[in-house]
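Read top to bottom, the protein sequences are chains A and B.
Per numbering that gives the first Met the number 0, the first sequence runs over residues 0 to 389.
Per numbering that gives the first Met the number 0, the second sequence runs over residues 0 to 384.
Since the hints were derived computationally from the structure, they do not count as laboratory data.
Among the hints, a few may not be true.
Claimed, not checked - Calculated from the model, a selection of chain B residues having no Cβ within reach of chain A, i.e. all distances over 10 Å:
1. His8
2. Pro114
3. Glu115
4. Lys293
To be verified - Footprint (simulated), chain A over chain B, 3 or more residues, beta carbon under 8 Å:
5. 19 to 30
6. 264 to 276
Don't be surprised by glycine CBs; every beta carbon is placed ideally from N, CA and C.
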Amino acid sequence: MDQVFAVIALTLRTIPNRIWMSAAAVLSVALVVGVLLFFLAMGDGFRRTLSGTGSDDIAMILRSGAGAELNSNISRDQVRLVEEAPGVARDADGAPQVSAELYVIVDGIKRATLTEANLPLRGVGPMAQAVRGPLTITQGRMFESGTNEIVVGASVLREFSGFDIDQEIRLGTANWTVVGVFESGGSVYESELWADATVIQNLYQRGTSFQSVRARLTSPDAIGELEAYNDAEPRLQLEVDSEKEFFANQGGAMQPMIIVGWTLGIIMSIGALAGAWNTMYSSVDSRTRELATLRALGFSGLSAFMGALTESLFLAAVGGVLGALGAYVLFDGLSASTLGASFTQVVFTFELSPSLVLTGVVLALIVGLFGGFFPALRAANTPLLAVHQG
Amino acid sequence: MTDFGLIRHNLFRKTLRTILMLVAIMIAFLVYGLLGSFDKLWNSGEDLAAADRLITVNRINFTVSMPYAYINRVRALEGVKNATWANWFGGYYQEGRNQIQTFAVDPETYLEAYPELLLPDDQRADFLNDRSSIIVGEPIANQFGWELGQTIPLKSNIFSNVDGGDTWQFRIAGIFTGEEAQTQTNYAVFHWENFNESITFGQDLIGWMIINTTSPDVNDQVATSVDEQFANSSAETETSTEAAFSKAFIAQIGNISLMVRSIMAAGFLTILMIVGTTMVMTIRERTKEIAVLKTIGFAPARIFRLVVGETLLLVVIGGVIGLGFSWLFVKGLGASMEAFLPGYVMTWDVALAAVAIMIGLGLVTGFFPAFNAMRTNIAEAMGKE
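Make the full structure from the sequences, and use the hints.
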């Protein structure tokens, strides 16, 4: 055992002699890990934003077949029927906690690219906050009903220009004043602009119709009662989902990106593996005489094997950690936005969780293990006579 | 022995080392081929946009419609050769996840606006004559196994049919293809008149207008006069060139090109490091030989050429193999994912750019070892053990 540690220590101490080749191996592993973590952090961040939005004691009601709020249409009468439905919670005053909302698209200017992008403008009524998780106004105040005032989500403020408080903005043919900024625990709602539903009905010629209805349920199980009522009532026949399920389905939209990330990660790992192998091959090659001397002194083949393998694993680990560190500095918390299911921007932040970092380092170690294995075998089998080679 | 023979022998002297470097190079070019073809496709909307085509959308947002009456006012403007329109139908087939981009259009003027859509004459005539027919792009027909003459039910996730329900029946009058591999054909178009008469709300509204100008030179002037026409109305417009519109649209999804190009650069940086350092070391091992070559009269420039040539040959062999593999992969993926990534092919310019990169990379990585070799001092090198 002492032999093994002695050779490992000796091998690692001589890395500076092969600094450039070693640096090449480290860098190639670091780049592979960085690329993989980029995709994984993006997929995770997006999924977290969407799954963080839904709650299972809120029912989300759309026109059957609409799939997204943008496509849906619900009449005032249908909203009334939902308000009387079984399973719907009521507040202290006995009013049903049901929020009928409108969803229209307006243009915002993305700060990153200075190009126009679709932003959702949501028309809400007094019950909007009652059917959502914690939603707080962090700056300014809530809009006043019946006025051209809007409040904007914190993500909108971050990613799009022109939505600062007290700013007057023109959306379509109307001017609006930003009076407040809200946060809701990093959910999708933070990517939205909110205004009074009746004002939007007028400006967008929607009459008295809405697009979606959210209802707080007395319990998560009460959704069954609501569904039964919806199916039995010929005037409804709407699509009822729990809000959690509705957004979780949309979170899967990034799945292809995760597949792309792994595919690229694995393909590029093969390149890095060839690089690591090459480095280790050269390392063993340049130490042939040293290894033969050790063998002559009575060190076992195992110790030579372990020395070379450890060097490879060490270089790969350094690469993996560097790649993860680089990914952390460059990507973690990076704010980005993309088109979501409703054809509007969803702002999300990259999340590099410890488990992702671990995934990256494990991939690096696998590269190191395979890259070092054959050169290490070679080191173990160095013939004693090699000591005489020129 | 010729110089090339010398280079070839030197390159394969340490077979394993050479193979490992080749694998690393191959992987970098494989990744380049896959991503480069994707990048090309991703930006094809902008690249393939007709220079004389303008898109007019509602100023609020392109998803908001405008009055049908606008089209005639646009047609009357100077510099407008053809103007047509389209509506988003929100179509899907059988299940919500089988979304099909479906537009309601004015058939004759729409096909005139998009000459790159290829449709046999008889199918074209059939489509124009039958108001209940539809034409679909080839990738969609392949995806669902549709054939000419077949009647298909399409559902809308937005509109309801006056007949009740949200389903429309269409007879497939034609299957269109694109002039270029990347021409987008994964959509379907049907008669706007049919649409307008059968929807329960939103009649006499159009989604957007497509304008062909008499010449790209008058684009700006036409765009301005269109938007001026509708200024201060309830539906103001915003007109831009098709290229600008495509660019803005794909920018909504994110800066994919930057991402793709960064990854390709990461791949090339890796091989630059691996091959560069390995070659420096290889040449150092051969110092003595190089001194011998110099002694027998090889000029420094020739030695420089030999080493650069060796690196170049290495990179080109690995690169060509990698590019070949990526061509196969792209072909396979393009065929199996036609419905999601139509037009995913490796074009000549992507392949030629790869060859240029190979040469550049070979020269850059070969420079330092070659420079070292060229400056080898005979007396010193011979003295080395």
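Query - Numbers of the earlier hints that this structure fails to satisfy, in rising order - result: As far as the earlier hints go, not one is violated by this structure.
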